[in-house]
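J.: Since chain A is already given, all that's left is putting chains B and C on it; use the hints.
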Amino acid sequence: MSVSGRPRSVGGHLVRWTVDTVGVLLALSAGTFALVLLARGDPAAVLAATRAGRPATPEQVEAVRSELGLDAPAPVRYLRWLADTSTGDFGLSLRTNLPIGPEIADRLTVTAGLVAGSVVVAVVVGMTVGVAGAMAGRGPLRGVLRIGALLATSVPAFWLSYLLVLLLALRWQLVPTSGMAGPATWVMPMAVLGLPAAGVLSRVVAVTLREAIDRPYVLAAMARGSGPLSIVLRDGLPNAAGPILSVAGMIVGGLLVGTVVVEQIFGWPGLGAYFVHAAAARDVPALQASALMLGGGFILANRLADVAQILVDPRSRRTSGVRSDATSPRWGRPGRAGGRHPHQVRSETG
Amino acid sequence: MLAAVLAASIGLTTACSADSGGGTTSTTLRIGLGTESGALDPHAFTGNFLLLDAIYEPLVSYGEDGQLEPGLAESWTVTPDGRQVSFDLRDDVHFTDGTPVDATAVKWNFDRWVGNERFSFFRASQIVSAVDAPDPDTVVLTLSEPYEPLLQELSIVRPVRLLSPQSAGTDGTFQDPVGTGAWKLVSNGATGTVLERNDDYWGPKPSLERLEFKVIPDSQARVDALTNGEIDLIGGAYLAPITPVEAQSLRERAGVRLLTGAADVSILLGFNPEGPAGDRAVREAVSRAIDTEALATALFLGHAEPARRVFPPNVPDSGTNLPVAFDRAAAEEVLDAAGYLREGEIRTRDGEPLSLRLLIPAAPAEGQLDPRTMAAAIAAALQEVGIGVELVPVDAAAYYDERAEGRYDLTFFETLGAPYDPSSSIVSLFTNGARAPLWVTPTIEDLVDKALFAADPAARAESYQNLYEAVAADTGFVPLVYRPRLWAVRDEVNGFAVPPTDVDLELTGVTVG
Amino acid sequence: MTAGGGRRKIPAPVRTALVGLPLVGFALVGLLAPVLAPADPAANDLSASLLPPSADHLLGTDQLGRDQLSRLLHGARISLTVTAAVLVISVTIGVLAGTVAGYLGGWVDRIVARIVDMAVSLPGMLVALAVIGVRGPGVENLVVAMSLWAWAPYARIARARVAGLRASPHLDALRLLGAGPVRVIGRHLLPPALAPCLVYASTDVGSIVLGVATLSFLGLGIPPPQAEWGQMLIEGRPYLASAWWLAYPPGIAITAVVFASNLLGERLAVGDERPSVLRWVLPSRLRLPRPRRPAPGTPATVESRRSAESRTTVDDDVLLRVRDLSVAYPRDGGIRRAVADVSYAVRRGETLAIVGESGSGKTTSALAPFGLLDPGALVAGSARLRTGSTARELIGLTFRHRRHVNGRQVGVVFQDSLAVFDPLRSIGAHVDEAVRNAGSRGRRAAVRRISEDLLHLVGLPDPATVAGQYPHQLSGGMRQRVQIAVAIAGEPELLVADEPTSALDVTVQARLLDLLGQLRDELRMAMVVVSHDLAVVTRLADAVAVMYAGRIVEYGPLDTVVRHPDHPYTRGLLDAVPRPGAAPGTRFRTMPGRAGAGPDDTSGCAFAPRCPIAVAECGHDQPVLLPVGPDQAHRSACPRTRAAGAPPPLLALGDLDGG
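Top to bottom, those sequences are chains A, B and C.
When we follow our numbering, the leftmost residue of the first sequence carries the number 6, and every step to the right adds one.
When we follow our numbering, the leftmost residue of the second sequence carries the number 19, and every step to the right adds one.
When we follow our numbering, the leftmost residue of the third sequence carries the number 11, and every step to the right adds one.
Excised from the complex, chain A in its bound form (with noise of 0.2 Å):
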């Protein structure tokens, strides 16, 4: 939806949709690829290195640079490296010299698991949370839900995971300390990516939800003789879809992006912790395709979202006909109207 505001089909909106979203993931691939021109050092001589267990002859280092083609221009090695990965080869490690496919193939399982696991906690907690908050009186029960919301979003990963782990693991004794064995050991880690995810979703859920009830339709509503829980559900929530779905989008992204820490405390071997070893140990090529996996998830979970609010609106679904936004007057699609909830952006530092 562009500020112009020509009405668009639904058909529309996807064929712009996948533009930009292929737009935005080559920009991804050249931006990581750019990490090599970026880089410090040479990547030849790193893989000399590790195959000959210490720092490698002149010839060696040559004959590598040959092997990794990397004498020819940059744009030709870009679209030669674009070529490879789509086709699953991301090259080797400098690190081990091994092919880093199969590699990251294994890992993407460990970190899609507990993103997923993640957002479930996230959806369960927020939704709950938040649904309370817009349903909440002016009592001490909305100021505590508004709190402890804002808190979890405050408290940083890294230093939960500390609390949680003196406190579940050690004091309490209900879970180990970590470790990827069993349902006991996901509790932690998901617990510190989902709570401060679900913080943020309840925050947004609590206030457009509350907006999107305090409308006419929701009085009718009570007329006609609808319980509460039911107006949410049915009228509030939908009404309220459009800011949620961007900010669930954008939580997704800051799951991937929090795995990064999650990852190494907890000792997943998932992408994240891969993507740090790789960024400490400056092996360029399995930072790039970390950050290329990563960062595209990020991108599709955005991306995702974004469409979803085109969906849910039946009101694009006309091929003709004006639509009017005029008529629900503070449902505005987030950040083009300025009104974006600030929330909605934090999620991403994870």
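You may find that some hints are simply not true.
What the hints assert, rightly or not - Sample of chain B residues at the chain A side, in silico, Cβ under 8 Å:
1) THR64
2) LYS232
3) VAL233
4) ASP242
5) ALA243
6) THR245
To be verified - Just a sample of chain A residues kept apart from chain C, beta carbon distances all over 12 Å, derived:
7) GLY17
8) HIS18
9) VAL20
10) LEU30
11) THR62
12) GLU72
13) ASP76
14) ARG82
15) LEU84
16) LEU87
17) SER91
18) THR101
19) ASN102
20) THR114
21) VAL170
22) TRP177
Hints in this document: simulated from the structure, not taken from any laboratory.
Ideal Cβ placement from N, Cα and C applies to all residues, glycine included.
T.: Leaving out everything else, chains B and C in the frame of chain A:
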């Protein structure tokens, strides 16, 4: 909702409590592992030292205090001219796939690294000119020149240990980790490794049946897991390192014992002779300004001793203690005498401030003390006598490059530790062939050669002592501390002692419960 | 549960300032850290390592003997510096880029928009990590890395704001006057673009602080020996159980700053939250305090109450009896009544019309008994609805109980027919819901059939198609019919219609009124109709209540009030109308003077300023509704006309009935 999740996980945890062992007798020992072990090829550089040590065996073993003991070779003789060594192989030993350990197999293994380009840093690889197998029980090595440390070097972990020739592919590439050791591999992955007892082992069989190594990258998490009973053993520099602070906290926790071994690595402060540290007076002053006793107490919480030699006393041929240098007044005097005058915070000479770049890696190496802490302490100490220090943390990958390029005035060095010392370390510390030496002058290089190729133990000891004294006379380095060797076990584990080196894991007499 | 009229609440701007105070404190501490810190944060004292808090070291010392409090304060300084640097850079770049793009429009705008979209889509933390991983740690690299992704949201906000302003006539005027683009952008576009950006920035503060701490955790943040909170947290971690003063203060500091930032940001973006329409908590039976004007307690008042009470026991036919209804809203720290002491009664099958100008309180009076008011409303008084043989008090009912009334005994038709439908639900969904609430459980198909019957009943052709359509696809008239269908789904005894025909076409109005009348007769409903339309009133009503400034000024059977209006206001309303053949939709005549006063604005009669027969006493004495003449049913609040006796008839009823 969260309460329901918690309740469910409590239920699951208690259901899984059989996993946590502890309290009852068990034949499985659970060990923490800092990073996943790569492929366990004894002739490559990826596998974890201790796992390799458990699976594969050398001809010669490194015992307490550097004593060499028979390994897969029962005995050996060295010709008087020192240019041939013949090994009498132990009888009736087989790899776990049934292949006999005979001279052919040994020769096949040695041929993989002797004279090989990739192992050119390893002196033995260059010194051995021929490997012969005159009969199935004997292997003869011919050397291009006499090399006394050869036998000790044949006890290290890689690449000298024996892999079953049958286990490799037809083109000789490594496939399965098949060795002769007390343990054999069950599984190896990103979350850990499992070894089980080799019931056909020729030597004393371990009482334990199974070793489960769990990968826990975060050192604090390992300590927590140990305290919580999820694992039974952590420690060692290459297995699951414990920082001094964590060691201190382990002392206070119930159910675990902290064990310290004699130090075998020293941490040294080195100078770059190109630059302000080229001035002898500056080096003197630096060495006198640092109170290593206080450093050891504060940073290592009493687990480390201040260093007074290049190598810790337990290392063979480590020489004698140097005198304690700490004397702040003397440091100031030396600087004054050399013309570095103190007007403000930092001394100047001819208008140039005396400032030294202290290069450190930005992130601590696994389980080691954060070098930034020690650097901060040293910087503060030097600042007291008017020497300015600029801390330059560089990310780990760039650190070695910068060191090799000499972009520092001060930086930290470490010796390699048993069983590599002292011969491997003096090469890398005191010769120009090394990538980033500690201190080199022609005299010193000479002395290194003499020490390496000394004819007999007495001459060798004397040569080493001369070497140390020469370097000390130049004030070529400042010995800081001996790095502590820390291990921790749960109380249920019996019979565990700190192994002689950090690449060994002596588990034969260990039982649980 | 809310403040009564007396206690003043803290005004909103002050409360915002209070919420912002911690952040200001953080900034101050950061700036003044060198002054406030008791010791040099880098000063080692190895002999004093790991000391617990004491008089010398308020927060203890760390492993190197450094004073923890000083390190904490200097850590604030570093966080503040980095945050300020990143914010300045990103806000500047972002606002400039967004404003210029929004102003220029065209392809520049489109390109910038695409770039901004992409930049916002990129994961900020990963970008920062990658850049630092490649360039190495350090303060400059940190600031650059974080600014790289932080600028985009500001650009987006600024651009959206400016794009909205671009078409404003104000800007066109400026351009015509020859103002250059720089001036236009600089003086007229940047400031309004900046405002929402600053709101966002208040939350960004927290994000940046958190981001720096996380980067330090990963070893890529501010290098030591500089004291930085994230770094201190890592160093303190092994001491969580022992030297707690190392591990907890930095974590608390980070959390506090980020929390304050989030709180402020939310407050600025959202403002003061209005109370929720739906409340779990029992809406308190609010007792209004004594109104601001002195209470008269005149004998007449007392007498009228007593006589009204005696009526209750006699009149069993009354379906809804509202007595002394007052509704007030919080305003400017106090409360202000919109409706005062309104009483009316509706008998079974009877239609009461409540008429008046806009702002007279007629809608409020009609909807108040059923809890359908703005959530901030405070209601006092009584409204009893007859159910079976008992009467139920409606005011102060909880949601749970109200559901048994609304949608069953009572149906409501609202004024703005588009706004009262959920735009995302089909017509059928609305009617189905009403049917189900009315008690018809059952399968979807059965319920839908009933809904279609209802739609047919209200005169909609092809109910099945209509049921599948969405509110925006119907015309106004059709939507009103749907509303009626919804309202009668429960076969109510009472239908409340608020301006049912106001937004409609003339011809459509007539038909709708016919429908209402027809349904009323068929279903034998009582009705309360709120209107300012004379035709509506005369077509449907049996009784009329005329409201002015929140009070009923005249009340009585339709015939009587229309033929013999007593109160000057009523007379004024009816005066100019009687032109033979006046069409329906003819409004009451507008009189000179302004409406919109509230019942408490004066102590006397609110109509006095516009009244042709007002005298001095009218400004002081509170008017009371009293019978006009012997007929108890007809009452008026004007003492002067009552005294003067029955007024001459104004006109014949038939003249008004425009047909």
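J.: Does the claim that A:SER91 lies off the interface hold, with its Cβ farther than 12 Å from every Cβ of chain C?
T.: holds (20 Å)
J.: Does the no-contact call for A:VAL20 survive, Cβ to all of chain C over 12 Å?
T.: Nearest chain C Cβ is 15 Å from A:VAL20, so the label holds.
J.: Does B:ASP242 pass the interface check with chain A, least Cβ-Cβ distance below 8 Å?
T.: holds (4 Å)
J.: Confirm or reject: A:LEU84 is not an interface residue toward chain C, with every Cβ-Cβ distance exceeding 12 Å.
T.: holds (20 Å)
J.: Against chain C, does A:GLY17 hold up as non-interface, every C-beta pair farther apart than 12 Å?
T.: holds (16 Å)
J.: Taking the minimum C-beta separation from A:VAL170 to chain C, is that value above 12 Å?
T.: violated (9 Å)
J.: Hey, does the B:ALA243 contact hint survive, CB to chain A under 8 Å?
T.: holds (5 Å)
J.: Mind verifying the non-interface call on A:THR62? Its CB should be farther than 12 Å from each CB in chain C.
T.: Holds: least Cβ distance 26 Å, greater than 12 Å.
J.: Far enough from chain C: is every CB of that chain over 12 Å from the CB of A:HIS18?
T.: With a cut-off of 12 Å, A:HIS18 remains clear of chain C, as the shortest Cβ separation is near 15 Å.
J.: Any CB of chain A closer than 8 Å to the CB of B:VAL233?
T.: B:VAL233 check passes; min Cβ-Cβ to chain A is 6 Å, inside 8 Å.
J.: Minimum Cβ separation between A:THR101 and chain C greater than 12 Å?
T.: Nearest chain C Cβ is 18 Å from A:THR101, so the label holds.
J.: Examine each Cβ of chain C, and state whether all of them lie more than 12 Å from the Cβ of A:THR114.
T.: Correct as stated: the minimum Cβ-Cβ distance to chain C is 20 Å, above 12 Å.
The structure fails to meet hints 10 and 21 from the earlier list, while all remaining hints are met.
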